[in-house]
Amino acid sequence: MKKILTSGIALLAAGVMGATSAQAETLRLLTWGGYAPENVIELFEAETGHTVEVTKSNNEEMVAKLRATNGGGFDLAQPSQDRIAGAQAEFDIYKPIDLSKIDESQFITSMLEATKGNTTYNDEIYGVPHVWGTSGLVVNKAEAGDVKDYLDLCDASVAGKVSYRLKRPTLIGFAFSMGLDPFAAYNDEEAYKDILAKVEDKLIECKPNVKTYWGGGDEIKNLLRSGEVVAAMAWDTGGWSLNEDNADITFVAPEAGALGWIDTFVLPKRGRADEAAYAWINFVMQPEIAAMITNSAGNFTASKGGDEGVDEALKVRYQESFPPEAVDNIKWYPTVPANLETLEGAVLDRVKAAN
Amino acid sequence: MNSVHSRLSLYLLFTPFLLWLALLIIIPHIFMFLVSISVKTGVREYVTGLGNYMVFFTEPLYWNTFARTAFMSISATFLTLLIGFPVAYYIAKLTRGRTKTTLFLMCLIPFWVSELVRTFGWMILLRETGIFSSFLQYIGLASEPIEFLYNDAAIMVGLVYTSMLFMVVPLVTTLDSLDDSLIEAGYDLGGNGITVLREIIIPHAMPGIVSGCIVVFMLSLGNYLTPILLGGKDSLWFTGLIYDQFITRFNWELGSAFGFLLLILSSTIVWAGLKLSGQSLTDTVGR
Numbered sequence: 001m002k003k004i005l006t007s008g009i010a011l012l013a014a015g016v017m018g019a020t021s022a023q024a025e026t027l028r029l030l031t032w033g034g035y036a037p038e039n040v041i042e043l044f045e046a047e048t049g050h051t052v053e054v055t056k057s058n059n060e061e062m063v064a065k066l067r068a069t070n071g072g073g074f075d076l077a078q079p080s081q082d083r084i085a086g087a088q089a090e091f092d093i094y095k096p097i098d099l100s101k102i103d104e105s106q107f108i109t110s111m112l113e114a115t116k117g118n119t120t121y122n123d124e125i126y127g128v129p130h131v132w133g134t135s136g137l138v139v140n141k142a143e144a145g146d147v148k149d150y151l152d153l154c155d156a157s158v159a160g161k162v163s164y165r166l167k168r169p170t171l172i173g174f175a176f177s178m179g180l181d182p183f184a185a186y187n188d189e190e191a192y193k194d195i196l197a198k199v200e201d202k203l204i205e206c207k208p209n210v211k212t213y214w215g216g217g218d219e220i221k222n223l224l225r226s227g228e229v230v231a232a233m234a235w236d237t238g239g240w241s242l243n244e245d246n247a248d249i250t251f252v253a254p255e256a257g258a259l260g261w262i263d264t265f266v267l268p269k270r271g272r273a274d275e276a277a278y279a280w281i282n283f284v285m286q287p288e289i290a291a292m293i294t295n296s297a298g299n300f301t302a303s304k305g306g307d308e309g310v311d312e313a314l315k316v317r318y319q320e321s322f323p324p325e326a327v328d329n330i331k332w333y334p335t336v337p338a339n340l341e342t343l344e345g346a347v348l349d350r351v352k353a354a355n
Numbered sequence: 001m002n003s004v005h006s007r008l009s010l011y012l013l014f015t016p017f018l019l020w021l022a023l024l025i026i027i028p029h030i031f032m033f034l035v036s037i038s039v040k041t042g043v044r045e046y047v048t049g050l051g052n053y054m055v056f057f058t059e060p061l062y063w064n065t066f067a068r069t070a071f072m073s074i075s076a077t078f079l080t081l082l083i084g085f086p087v088a089y090y091i092a093k094l095t096r097g098r099t100k101t102t103l104f105l106m107c108l109i110p111f112w113v114s115e116l117v118r119t120f121g122w123m124i125l126l127r128e129t130g131i132f133s134s135f136l137q138y139i140g141l142a143s144e145p146i147e148f149l150y151n152d153a154a155i156m157v158g159l160v161y162t163s164m165l166f167m168v169v170p171l172v173t174t175l176d177s178l179d180d181s182l183i184e185a186g187y188d189l190g191g192n193g194i195t196v197l198r199e200i201i202i203p204h205a206m207p208g209i210v211s212g213c214i215v216v217f218m219l220s221l222g223n224y225l226t227p228i229l230l231g232g233k234d235s236l237w238f239t240g241l242i243y244d245q246f247i248t249r250f251n252w253e254l255g256s257a258f259g260f261l262l263l264i265l266s267s268t269i270v271w272a273g274l275k276l277s278g279q280s281l282t283d284t285v286g287r
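Those sequence lines, one after another, are chains V and R. 1 is the number of the first residue of the first sequence in this note's numbering; add one for each residue after it. 1 is the number of the first residue of the second sequence in this note's numbering; add one for each residue after it.
Quick caveat, the hints were computed from the structure, so don't treat them as lab data. A portion of the hints provided could be inaccurate.
Pairwise CB distance ranges, derived in the manner of DEER restraints [as the list claims (entries may be wrong)]:
hint: 1; chain 1: R; residue 1: S134; chain 2: V; residue 2: E61; range: 42 to 48 Å
hint: 2; chain 1: V; residue 1: D123; chain 2: R; residue 2: F57; range: 29 to 35 Å
hint: 3; chain 1: R; residue 1: F132; chain 2: V; residue 2: N58; range: 31 to 37 Å
Here are some, though not all, of the chain R residues that point toward chain V, as calculated from beta-carbon distances under 8 Å [said to hold, decoys possible]:
hint: 4; residue: L13
hint: 5; residue: V39
hint: 6; residue: V43
hint: 7; residue: R44
hint: 8; residue: Y46
hint: 9; residue: T48
hint: 10; residue: T65
hint: 11; residue: R118
hint: 12; residue: G232
hint: 13; residue: R249
hint: 14; residue: F250
For each residue, glycine too, the CB sits at the ideal point set by N, CA and C.
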C-alpha cells in the first residue's frame, strides 16, 4: 500500500514537473551585445515564466556556430537579413517562421515586408526584422573635418590616422564611393569581379594611410578616443557613444550613402523552444520594450512607435548624423548570394598581404 | 591471478590516455581530413579531391604567409633561446635556496594571467599614446608620439614574452643536472669562459635547448592572439588565415586543408631541426 502511494506521489510529481516544463522553456538566444539587456530579460521572465540564456556573437560567428551544430544549440538567433537566404541555401541551418504566431501589427510595415522579401528561400519566409542601423564614418571633426566620404579616408591630410575593417562593408562602401554600384552587380559574377578588382587597387593604394585594420568595436572606440585615429569606418552607435564623451567625435553619413543593415529574428533548424522564441519576439517588439532595447544597444528597432520612449540625447545625435536626405540615401544590404564571399575573401587577403 | 591483476591495472591506467588520444586528437583529425578533401562545386554540392590543397600551392599569398609565419616563429625561437639561456643559467647555477625559488616564481608569475591580458599589457605599453611613447617624450628623446605597435617587431616582442617560460623551465632542469665540478675541471684544464660554454655547458644542455625550442616554435607557429593584436595591418599569420576561412568566409574545406598543411609543414620543420642539431625525440622529450 505504502509502495503504491509513494509511486502515486512520484507520478503526480513527475506530471506536475512535466506540465511546468512544457510551459516554461529555456530560451537560448544567440544575439548581439545590447540586444537583450538585463532589465528586459527580467520583465520577460516575470511575465512568461520562460528563462533566457544569452550568448553574444556577431554575424559570421552566428552562421559558423549554427553550421557547426547543424542548426542546433540555440532557439533563436539574430543574424543580419542579408545573411539568411544565402546561408540557408548553403548550409540549411534555419527553419521557416510561422507568421501566424507573430503579432505583425507591432512592426513597421515597410521594414517587415522588406525583410520578408529578403529572407525568402524556396517560398518560405525565414526572418522578421528587429534592430536596424547603419555603418558609415566616425570622424573627429576637430582634426579631420574634411572627411565626408569613404574615399576621403585615403586623403593625405589624415595619413596614418585612419582605420577601417578588412571586411565586406569596407569593399561595399569604397565601391559606392568610387561611383560603382556593387549591389546591382550582386547576381552578375563577372561584373562583381570587375568592381572588386577596382576596389582592391584602391584599397592597396590607400593602405599606407591606414594605422591599423580594426577588429572589434571596443578597439576602434579606443583608437578614436585616444586620438590615435581621427577618421574611421564604423557603426553609427559607436560614433554616438563616443559623442557622449567627446563632442568633436560623431557619426557622419557618407556622401555615397551609409550602409544600412537590419538584424532579424530567425529560428535555428534544431531549436527546441519555439514557443519561448515566438513569445520573446512578440514581447520585445512592444513599443516600450523596444525603447529599452534602443537605449541599451543605441540602435533603433523595427517596432512601430518604439522610437517614442527613447532617450532625447540619442534622438538628437541621430538627427544630427542623419538629415532627411541622408536617410533616403542609405544603401540597404540586399541578400548576399552564395559564393560571393569567397571572391571577396580572396580580395581582402590580397589587400592585407600587399605592401 | 596476479598477472590478470596487473594487466587490468595496466588497461585502467591506459584508458584515460587512449580516450584522450582517440576523442580529442584522432577522431577530430579524421573528420577534418574528410572535410579538407571535399571540394565545393556549387551550392550544397561537393566532390572528393585535392583541390583545396592545390589552392595553397597555386596562390602565392597563402604560401608566402606560411613561409613568413614559419620564419618569424623560428626567429622568435632563437631570440627566446638567446634571452632565456642566461636567465636559466643564472637560476640554475648561480643562485641557491630561496633566491632560486623566488626567481623561478618570478618567471612564472606573468603566466598566472591569461595570454589575452598579457598581450593587452603590451598594447598599453607600446601604443602611440602609451607608456613608452609618453616616457620618451617626457625625457626629451622624442618630440612627438611614436607608434611602437602594429609592426613585426611588436609581434616578435609579444611572441618572445609569451613563450619565455617554456624555454626557461626545460633549460633550468637540464642545467641543474650539470655537476659544478665539471665546469671547474674545464677551467682547471685551461679553458676560458667561451670554451667551457662551448665544450661543456651547451653539449650538456642540448636536450633542454632542443625540447625548449620545439615547444616555443610550436607555440609561436600556432599563436593567434599575439600576431593579430600586436601586428596591425601587415600581420598575416597562418593561424589567422585558418580562422578567417572557418569563421568569416564559411569555407571550412579550405580551412581544414590549411590546418592539415600547418600540421604537416610544422612537423617537417621540427624534424629537420632535430636532424640538423643531431638530436632525437627520445633524447630530448623522452627524458
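Min Cβ distance, F250 of chain R to chain V: is it shorter than 8 Å? holds (6 Å)
Does V43 of chain R meet its interface restraint, that is, does its C-beta lie within less than 8 Å of any C-beta in chain V? For V43 of chain R, the interface hint holds, since the closest Cβ of chain V sits about 5 Å away, which is under 8 Å.
Given the hint of 42 to 48 Å, check if S134 of chain R and E61 of chain V actually sit that far apart at their C-beta atoms. At roughly 36 Å between Cβ atoms, E61 of chain V and S134 of chain R fall outside 42 to 48 Å, so the hint is violated.
N58 of chain V and F132 of chain R - C-beta distance against the hinted 31 to 37 Å: holds (32 Å)
Per the CB criterion, is L13 of chain R less than 8 Å away from chain V? violated (34 Å)
Hold the hint about R249 of chain R up to the distance rule: shortest CB distance to chain V must be less than 8 Å. holds (4 Å)
Would you check whether Y46 of chain R satisfies its interface hint, that is, whether its CB is within less than 8 Å of any CB in chain V? With Cβ-Cβ at 11 Å, over 8 Å, it is violated.
For the hint on G232 of chain R, does the least C-beta distance to chain V fall short of 8 Å? At about 4 Å, which falls below the 8 Å cut-off, the nearest Cβ of chain V leaves the hint on G232 of chain R intact, so it holds.
Cut-off 8 Å, beta-carbon criterion: hint that T65 of chain R touches chain V: At about 7 Å, which falls below the 8 Å cut-off, the nearest Cβ of chain V leaves the hint on T65 of chain R intact, so it holds.
For the hint on R118 of chain R, just tell me whether its beta-carbon gets within less than 8 Å of chain V. Violated: closest Cβ of chain V sits about 17 Å from R118 of chain R, beyond 8 Å.
Verify the CB-CB distance for D123 of chain V and F57 of chain R against the hinted window 29 to 35 Å. violated (43 Å)
Restraint: T48 of chain R near chain V, CB-CB cut 8 Å. Satisfied or not? Cβ of T48 of chain R sits 19 Å from chain V, so the hint is violated.
The structure fails to meet hints 1, 2, 4, 5, 8, 9 and 11 from the earlier list, while all remaining hints are met.
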